[in-house]
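With the hints as your guide, set chain F onto chain A.
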Amino acid sequence: DTGVSQNPRHKITKRGQNVTFRCDPISEHNRLYWYRQTLGQGPEFLTYFQNEAQLEKSRLLSDRFSAERPKGSFSTLEIQRTEQGDSAMYLCASSSRDRGNLYNEQFFGPGTRLTVL
Amino acid sequence: GIQVEQSPPDLILQEGANSTLRCNFSDSVNNLQWFHQNPWGQLINLFYIPSGTKQNGRLSATTVATERYSLLYISSSQTTDSGVYFCAVEYVSWGKLQFGAGTQVVVTP
Chain A
1 DTGVSQNPRH KITKRGQNVT FRCDPISEHN RLYWYRQTLG QGPEFLTYFQ NEAQLEKSRL
61 LSDRFSAERP KGSFSTLEIQ RTEQGDSAMY LCASSSRDRG NLYNEQFFGP GTRLTVL
Chain F
118 GIQVEQSPPD LILQEGANST LRCNFSDSVN NLQWFHQNPW GQLINLFYIP SGTKQNGRLS
178 ATTVATERYS LLYISSSQTT DSGVYFCAVE YVSWGKLQFG AGTQVVVTP
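Which chain is which? The protein sequence lines are A and F, in order. Heads up: the first sequence at position 81 corresponds to 81 in our numbering, and the numbers run straight through without jumps. Each position in the second sequence, counted from 1, maps to that position plus 117 in our numbering.
Chain A extracted, bound-state conformation (with noise of 0.2 Å):
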């Protein structure tokens, strides 16, 4: 088990271009989200996958942003039209949960760090 793992590490890109980024979860786990994180805040949620069905997206989540998980494994996020503010680290966690079972810890990828000049 290599935990979670997210690529690029690092992006910068100019503004109105688009960006993609991936999340590759722990192996069986179930669930996926993705979270964004600005400098001196804690990190904020932004959607939500169990297996492939993206089943909740923050209003934080306008709509340049896209997120997929084919399959239930990896997932995607897209920002399309990227602004400035967009620049943030962008957070991946995943967790495994059984109907029934309330354990849920999450775990979180090492993020890409988005900068928009």
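Be careful, since some hints might not be right.
[What the hints assert, rightly or not] Simulated coverage check for chain F against chain A, where a stretch passes if three residues somewhere in it have a Cβ under 8 Å from a Cβ of chain A:
#, stretch
1, 151-164
2, 198-210
3, 217-226
Just so you know, these hints were derived from the structure itself, not from any lab. Note that CB positions come from ideal geometry on N, CA and C, so glycine has one too.
Okay, now just chain F, sitting in the frame of chain A:
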């Protein structure tokens, strides 16, 4: 939504000192996690502690769910303990974590 407050916001310790970090939350929660964020941004799991007391080496944590708070104890602090400590609570069934603003800890030699 639920409010999560951490105190103190900043803590400077001399190596070898003990400290207590506090996390208060405004509503009932399903679960609670403590994390340490290292200088590279990686969130490291410290404790998964919806209630009760747990210990892991020099660290221990206590959650009193009925009174809506959790404490993280650091004993005999080391410079490697420096970083930001986050408390995060899960208050909805599908697991969204609500984080506090963190406690920035600096341990000096």
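How the hints compare with the structure:
With a threshold of 8 Å between beta carbons, the proposed coverage of the stretch 151-164 of chain F by chain A holds, since 6 of its residues qualify and at least three are required. Residue count for the stretch 198-210 of chain F with a Cβ under 8 Å from a Cβ of chain A: 3. That meets the three needed, and the coverage hint holds. Here the stretch 217-226 of chain F counts 3 residues with a CB under 8 Å from a CB of chain A, which clears the bar of 3, and the coverage holds.
Violated hints are absent here; each numbered hint is respected by the structure.
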